[in-house]
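Build the complex from these two chains, which are given one at a time in their own frames, with help from the hints.
As given, the protein sequences belong to chains L and R, one line each in that order.
All residue numbers for the first sequence refer to our numbering, where the first residue is 1 and numbers rise by one.
All residue numbers for the second sequence refer to our numbering, where the first residue is 1 and numbers rise by one.
These are computed hints drawn from the structure, not numbers from a lab.
Treat each hint with caution, since some may be false.
Said to hold, decoys possible - Heads up, incomplete: computed chain R residues facing chain L, CB under 7 Å, no partners named:
id, residue
1, A57
2, R83
3, V87
4, I94
Claimed, not checked - For lysine-lysine, the following DSS-like pairs were computed, each having C-alpha atoms within a straight-line distance of at most 25 Å:
id, chain 1, residue 1, chain 2, residue 2
5, R, K114, L, K8
6, R, K159, R, K114
7, R, K114, R, K130
8, R, K287, R, K256
9, R, K159, R, K145
10, R, K256, R, K245
11, R, K159, L, K8
12, R, K225, R, K35
13, R, K145, R, K135
14, R, K27, L, K256
15, R, K35, L, K8
16, R, K159, R, K35
From a predicted model like this one, the values you see are computed outputs, not experimental measurements.
Virtual Cβ for every residue (Gly too), placed ideally from N, Cα, C.
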Amino acid sequence: MVTIPDNKYYPWLPFVTLLRKEILRFVRVSTQTLLTPIVTASLYLFIFGATLGERLHVLEGFSYAQFVIPGLIIMGVINNTFANTSSSLFMSRYLGGIVDLLVTPVSPPQFIMAYTLAAMLRGLLVGTVVWLISTLFAELPWESPLLAILMAILASFLFAQFGLIAAIYAHNFDTLSMYSNFLILPLVYLGGVFYPISILPDPWGTFSYLNPLFYLIDGFRHAIIGVGDTSYLIAFGVSFGIAAVLFAWAAWLIGKGYRLRA
Amino acid sequence: MRLYIRAMSALVIENLHKSFDGVPAVKGVSFTIHKGEIFGLLGPNGAGKSTTINMIAGVVRLGSGSITAFGYDNQRDYRYTRRMLGVVHQEIVIDNFFTVDQALQLHAGYYGVKDDPAWRQLLIERLGLKPHLDKVMLKLSGGLKRRFMIAKALIHRPKLLLLDEPTAGVDVELRHGLWEFVREINRQGTTILLTTHYLEEAEQMCDRIAIMNHGELIALEETQKLIRRLSNRQLRLWLEEPLLKTPASLEPYAPKLIEDGNVLLLSLPAGEGAGNVLIQLTELGLKIQDVETDQSSLEDVFIHLTGMNGGVNGHHSR
Chain L
1 MVTIPDNKYY PWLPFVTLLR KEILRFVRVS TQTLLTPIVT ASLYLFIFGA
51 TLGERLHVLE GFSYAQFVIP GLIIMGVINN TFANTSSSLF MSRYLGGIVD
101 LLVTPVSPPQ FIMAYTLAAM LRGLLVGTVV WLISTLFAEL PWESPLLAIL
151 MAILASFLFA QFGLIAAIYA HNFDTLSMYS NFLILPLVYL GGVFYPISIL
201 PDPWGTFSYL NPLFYLIDGF RHAIIGVGDT SYLIAFGVSF GIAAVLFAWA
251 AWLIGKGYRL RA
Chain R
1 MRLYIRAMSA LVIENLHKSF DGVPAVKGVS FTIHKGEIFG LLGPNGAGKS
51 TTINMIAGVV RLGSGSITAF GYDNQRDYRY TRRMLGVVHQ EIVIDNFFTV
101 DQALQLHAGY YGVKDDPAWR QLLIERLGLK PHLDKVMLKL SGGLKRRFMI
151 AKALIHRPKL LLLDEPTAGV DVELRHGLWE FVREINRQGT TILLTTHYLE
201 EAEQMCDRIA IMNHGELIAL EETQKLIRRL SNRQLRLWLE EPLLKTPASL
251 EPYAPKLIED GNVLLLSLPA GEGAGNVLIQ LTELGLKIQD VETDQSSLED
301 VFIHLTGMNG GVNGHHSR
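Bound-form chain R, shown alone (with noise of 0.2 Å):
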């Protein structure tokens, strides 16, 4: 049997609904995931993250709403859809049972694939768990757990691959490393669907990003518009002549004089270029030595859009 594609989109999720004893977890998220993309879904602690991707991947009965992978849908066709996701879950799955090796081998079987040594052994090496195929999965340590569960979830060739949290608890370097690995199976064709706490790798990664909080989505753009949009920019210029009082017709700009008035900081709302204020300098007869602006990060949207501050869950992405 071969599965077809039905549909363009990787993945159609509408208005889906999740209550855990009575307290909503998920209320009412709608997105398109497109083929090819990688998609990324951020959002604090308990924004209903992993629960939208547990819906999907079925490990959590969904509460009300439609999941559509390919054009399958994933409560009728499930052995369809399955067949099409790979699930890199958040907690680390221990199965003492088998090894590294045998485990790759029985995890294709469940999805119906026969086993394929050369992909095998090529997300083996890729994955740098050459050395390790014969111990048992607590003998690993924690990147190499992490690294053993991505090479599970992509050992049948999924189209679409859930990473929920992929780089929790692992060190820079590996964070890395398989970024670069994702982004090698995302050029191949794989879409990417991806939960992370840090931002700046999302940022770096993600064509289009999700934000959900409480349950809801609260934004979903492309990375860079997303950023422009709602990000404020500052506008730093250095003046010819040092100023003793910011003008009163750039308070929309919420001007700022520093090291001893040479300098004048503005920011600029969201969406709007340099142009306006500049013109409006020039009016006011102020002579600009140099400018540079300073973009903020998809971090500031965040804590822009969720009201939190200190970053997502206490850690800065810088």
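Only chain L is shown next, with the shape it has when bound in the complex (with noise of 0.2 Å):
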């Protein structure tokens, strides 16, 4: 015998399931979505903090694992925001599991929160742990660790908010992986993480004024080590431009249902 009782609505609960089906679902492949950035930072940590850093010298005052290890962190969480909404979202189009979720009552912002969200968690875990390891390597002298924390959590947002809109766009992996590979990953390579941009000769130090990524990269960094090539308040400002633009974009392709229903 069926019985159909009658049951209630918790608004909220949408959002909640999804946030939660969104983190379970990088756990559930941890190897590949957590253990693997770490164990690649951690290969870089020890080539430039434990062989190479040494016999590096590009910032007064610092060892190069000391200037290295701020951009490492931040190039974990860029990356790894990236791949989880990007590759999330996208898996679910290609595979047509979307439509599971289209005719539930989850609303845009709740999806757009629930999927940001659960990425930032990923993001911001995998550059915690990178900045703990990299305690083996260098103390780092921390001189603004709330401001650190907030430009990490704005990357974390911006990265999320373009993954949203690379698997929007994407027709399938190639092009998606044409975003990580020949979009962030030189973005990320030429914006200072390496090195100073300040040390770059002309034309190549101002087009690197150009990089987006670059304020996002020195921001952390000048919240960490007290030295930027830039000051607080244009990395800040320039990152949060970046990152309400990306949201506002996402929220528009979203809210429309583009590319998410026919």
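Here's what the structure looks like:
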């Protein structure tokens, strides 16, 4: 005998469930989503912290390890937040699982925030572990820890939005990997992770100021070691501006159901 | 928060239109589904059934027109309408991150409903999913995937269940089981909207049937009325003495003599009873030994209406 009793509707539950599902998703494949990026970052730390780093000096008063670690942390945050939203949403679109979500009362803001927060958690988790491992190689001065955390949060938020946008526009896995390999990777590498852009000869130094990722990387490092190529205000302002634009873009796409609903 | 039903109609669709890249798929469809009924939406492939269902479910954006479920507009009050709808998609949706049991729990949450273990267990048992709870979807057979999708669509206890070809690719035994379960759910108060290519099943299941063709609604009636109105009944008469030639006055009934003139076949036009023709036969002085009427099925009506031959999608329901 089947009975169908009435039941209550909890407006927050769709969001909480989707957030939980997104977190469980990356935890379930943690070898790929957490361990791999941590191992990669540890290799960088070993190369630049313990071996090559002793022969490199790019900033007066700081060891190369101290210079490069903030860059590696923020790189881990950026890559992993982007990877999380982009792969999760794209897979969902690609395999058709997205319709299971589209028929539910999950609203566009709940949709965006659940994907964003789960991705931010993964990115910040990777960043934290990279920082913990880095303590084996160098001690960081932590000039403004709160500002540094704020920059990391902003970086993760920004790339979560970018991941959502990329997943919506991507036609296949190839296009999706193009975003990370041909856009994020060069911008991160050329954005001052491994060197201060002030040491670059012109026009490369000036060009680097056009790289939006420079502001995230420099702002984060500035907050940690107290020295940067640009001011906190500019670094934070530019990053905040980009994050706001990307958020508005992602919200518009998802609100409209662009490429999600036929 | 509780949802209150604001209307007696489970679903009201008015002047629904949808085009894809300028090609119209649904052209001004309107119909109403009453609370508690099983409503069949039939039509050949490409008729616009799935597009209509997907617009109701919210998977396809509304072109124009309006969809109201239990008094709530599916655009403005989408959170309420979607909460009241359960959807079994035609395409099998695959998610390999979660097991059957986990996916069911998550799915209830998406609808803003707290997990009810008793209800979940009941669905699991009734749909035969118990031995497969710890499997991910990829490991399930085709029939199990369908059953899992039905469980998922019912996990939040919807008031209107949309079944888009729920038995496609499912063997006969399982099909019967699934329909029996759908009937049971319906008896408990869930309204059903279904599409199927198995017309015999639609005939048995549905209180009312709508037929779509080329994006338009071409029929909407109670199932038996529709069949009676549109199908040609055949009258089979066993004569006491064989006839050599059919009487001219019977021409409107397309008479045909078989079995050496011992059996006369007459086609009754749609909507006409056998009374008139029997009077004519008596006037002609024909002595009749036995009479049999042969009611045609929904499939005949369907073929007649849509101009299709060879059944729907190449499948005969019989």
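Status of each hint after checking the structure:
no., hint, in the structure
1, A57, "5 Å, holds"
2, R83, "5 Å, holds"
3, V87, "5 Å, holds"
4, I94, "5 Å, holds"
5, R/K114 <-> L/K8, "8 Å, holds"
6, R/K159 <-> R/K114, "17 Å, holds"
7, R/K114 <-> R/K130, "21 Å, holds"
8, R/K287 <-> R/K256, "17 Å, holds"
9, R/K159 <-> R/K145, "23 Å, holds"
10, R/K256 <-> R/K245, "9 Å, holds"
11, R/K159 <-> L/K8, "13 Å, holds"
12, R/K225 <-> R/K35, "20 Å, holds"
13, R/K145 <-> R/K135, "11 Å, holds"
14, R/K27 <-> L/K256, "23 Å, holds"
15, R/K35 <-> L/K8, "20 Å, holds"
16, R/K159 <-> R/K35, "9 Å, holds"
The structure fails none of the hints (numbered hints given earlier).
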